[in-house]
Amino acid sequence: MSVKNGINGWAGSILRVNLTTGTITTEDTLPKYKPYIGGMGLGYKVIWDEVPLDSDPLGPQAKAVFAVGPLTASGVPCSGRMNISFLSCWSKGYSIVDAHMGGHFAHAFKYAGYDAMIVEGQSDKPVYIKIDDDKVTIEDASHVWGKGTFETNAVLSKENGDTFDVTSIGQAGENLVPMSCMVTSFGNSGGGGVGAVLGSKKLKAIVCRGTGAVKIARPMEVRLLSNYMIKDLVGGNNNHTVPTIPQSWSEYSATASNRWQGGPGVTWDKAPNGPIDMGEQPSGQINVAALRCNKGVFDFGAIAEKYTVKQGGCSSCPVRCYTEYEMDPLADYDLPTHVSNTCMPIIKMLEWYPDHVDPATGEKVKSTHDFVDEKDAKMILGGAGSRAADDYGVWCNYGNLYEDFNMAYSTGVLKDVITKGGTDMTEWDSIPWELMETGDPRWLVEVYRRIAMKEGTFSDLGLGTYKLYEKWGMDDAGKNVAGKNFYDFVNGKNFNIGHNGYPRHHGPESCWQSGTIYSLMYNRDCMIHHLINFVSSGAPYDAIIKPVLEGFFGEGCVDKPKAYTPINENKIKLTKWAFNGKQWHDSATLCNWMYPMTIATSKKRNYVGDLDLDAKYMSAVVGEDYTRESLEFDSERISQLLRVMTAVSFKLNLGSDNLRRDHDQPSDWVFDKDPDFKPFEEGTVKLDREDFAKALDMWYDAMGWDKETGIPTRETLEKFDLGDCADKLAELGLIK
Amino acid sequence: MSDKKRFLDKDFTRRQFLKLSGKSLVGVTMSSAMLSTLGVTAAALAEDKVKVWAFPQGLLVVNADRCVGCQRCEINCTLTNDGCCSSYISRVKVTRNLYSSRNGKGLYTENNWTYFPDTCRQCEDPACGNACPMGAIYADQSGIRRVDTEKCVGCGACTAACPWHMPTVNPVTRKSSKCVMCGACVEGCPSGALSIIPWDKVSAAAQAV
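Going down the list, the sequences are from chains A and B.
If you read the first sequence in my numbering, its first letter stands for residue 1, the second for the next number, and so on.
If you read the second sequence in my numbering, its first letter stands for residue 1001, the second for the next number, and so on.
No false leads were slipped in.
Ranges of calculated distance between the beta carbons of each label pair, as one might list FRET restraints:
| id | chain 1 | residue 1 | chain 2 | residue 2 | range |
| --- | --- | --- | --- | --- | --- |
| 1 | B | G1156 | A | A702 | 54 to 60 Å |
| 2 | A | G301 | B | G1156 | 50 to 56 Å |
| 3 | A | M453 | B | G1156 | 45 to 51 Å |
Below are the DSS-like pairs computed for lysine-lysine, each with C-alpha atoms no more than 30 Å apart in a straight line:
| id | chain 1 | residue 1 | chain 2 | residue 2 |
| --- | --- | --- | --- | --- |
| 4 | A | K130 | B | K1175 |
| 5 | A | K158 | B | K1023 |
| 6 | B | K1175 | A | K158 |
| 7 | A | K34 | A | K130 |
| 8 | B | K1151 | B | K1175 |
Note that these hints are calculated values from the structure, not bench results.
We put the beta carbon where it would ideally sit given N, CA and C, even for glycine.
Just chain A, same shape as in the assembly (with noise of 0.2 Å):
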């Protein structure tokens, strides 16, 4: 119980479980990680000293960090998430990643007295993690192993009590699939294979209760504060701050679709009094906030309002993007239909049905089918795949999971490796390939069912993108029957960003040099909202978005939708300030698909959002004085281990000594795209070489890195204190 310890802000202890020993202990979380905030810098600290970075990610000495931040439950709007760091078990170069997870189990987690939780060691037995304040046990949980997320979350909820949250893996995380995750409330998991992580330890779930308090130096303050971001800054989902839908006191309406579907004639159909409409949603107003987002919406069109009970998602979060559905039409094939996800894991799952070709008349077939309405194939669909994916546990990859089968299916890759050069048909005659021509849901289960279950070769697709191409030959275009190196390949399905096994995530497509850069720093998606947030915003750009970010960054930092510009010294500042600024987000916790506050609901501030915000709100919390430099300073530190932590798994790893060279390459498709279009001509978002080469040269300088090998100076280093980083590069010859 926090307030017990008498400090502002962090709770004061972390907990440390030992599986193998079955030790429990606990220790300060102050001084030693205040300069880490908390989050993603806490856990990456933990790993740097801890975990050497050439061990195995599923073996004894890996270790998982569960953290959670300064701002978590502090009372600070969208402070819900949970930070898991781990060594990646998929992505090249095995290097640090992290999960991020919402839902309520970091309120709860904070409540119960902890900033963070290390979990290291193997059980031999499967088991979960009881957190009952500052009685933890480790307990049994055969009862639960090879069982889904939803029916292993609702067995431990009922058996510890109506006030523990759960979180748990599936038997994706069990069976030791990279491509898993873990779940908590409906749909909120956290991804980047910390399912098998967890997998690999037995460690099925965590429950968690806490009584607690966090303690606040300027409580009304934090309130004032919440009430002045909800009223004033912030919009919809993705602080998306013009609605989509014409309101009678908004000045605009979104210059294309947004994430503020919210507004009169838009109903939550199946609330269970009947509809409830969203009516005009003002800025100024707090009590409407949470009507605004209306996510389905914006994911399937109108028709996700016939389907939709009510919005949820995250502790402390006014903007609730987990749309939560009854979809009757699922009951049909014996599915369930209750389902509620957000962005790639609902939106895509139309990927799993490519067109087929029809044996009477080799013509290609569309494989997907109305169900009640007119287009409703990609809402019905997506939620039984969503579902699906969630109760095993399956982790999409920021989607490449659902691009990968795609265009291996669709360019015969997928049925030469099954099959073995058609030499051998056990496998695909095994398949029920007429679920996926007939556009059935219950093929989702299927897919995800041989994926979790390590089925067979089509299995292989859990690997995670890295590792499949290396087994099928998909990284090299003399190695597959395609005849295509499919991370470079000009495709409307590959969205690798570079060759490490992960996709951009709002990169070259709608964050010009700025995306492409931020995309490739982390050895997994990004998940760099900062731009994509006011990009999509709905704000005019000649009258909101160019002038507000050109305040804050200068001229020339922004560039319009497909109208890109050269590289210029703005658009590093303010790369730089994504980047720092989304470690930070992982570290405080907050949302980083909300924060920061870039650009205003309200009128009267002209649409300029509030930058120092996040300090306005640490400096209430802890009692201390935060500006956001400071901050900035700090989350840049968590940014410099990153790079460290990378240099050093590249170098143990794969005996990479250039990051530049060897991690930091976009794809061919980014430079080769349109084909008809020249680089920076209005009409295409394609990059050019040469400017990005010289994009990286600025970036490296910005950062403190060599130009050359991409990777941090030792006086950089030490700026951040971080000389004994400095030691290890140069004992391993990575710096002089």
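Model the placement of chain B on the given structure of chain A, informed by the hints.
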């Protein structure tokens, strides 16, 4: 005039709602103007999905269908009344209904989407106050029942006695606390699941009967 007809009469509005505070509204007839003012449907009343509480500031309406489970009511309650952020000691309670609550509703049950905030009913004959061995729960001049922390010994008799277990003993201070009708939960509710309809608006709607 029968009681039913007098219900929602201008002069009787607040008094009538005080009587109904926290109780079922099944069987109560409301005009469309009143339904609209409260933001509820006749069907919701008939199915007992709407509760109202008479607050000094107006009528508190809890609409379960609108609750999105964000817990901001608990956050604003504890920031305002306890100087910290907590769920367990909050005077308004939604988290305990979120997971697999005692009534078979919540995210981990078959009724996944049914969760809602609960708060003190400000009972006329309060079980919490009657059970308190120290006489620590008293009604202030507005009729709001409060805990005298000087007298409270944190024994938990109030929690046990309340049919909805609303008063909660803070595990750190060992003092009980309960709703004091400050309205912070309503002010910060982003979905309008909690709303306070000012008495003049309730009266105006009653006049339109």
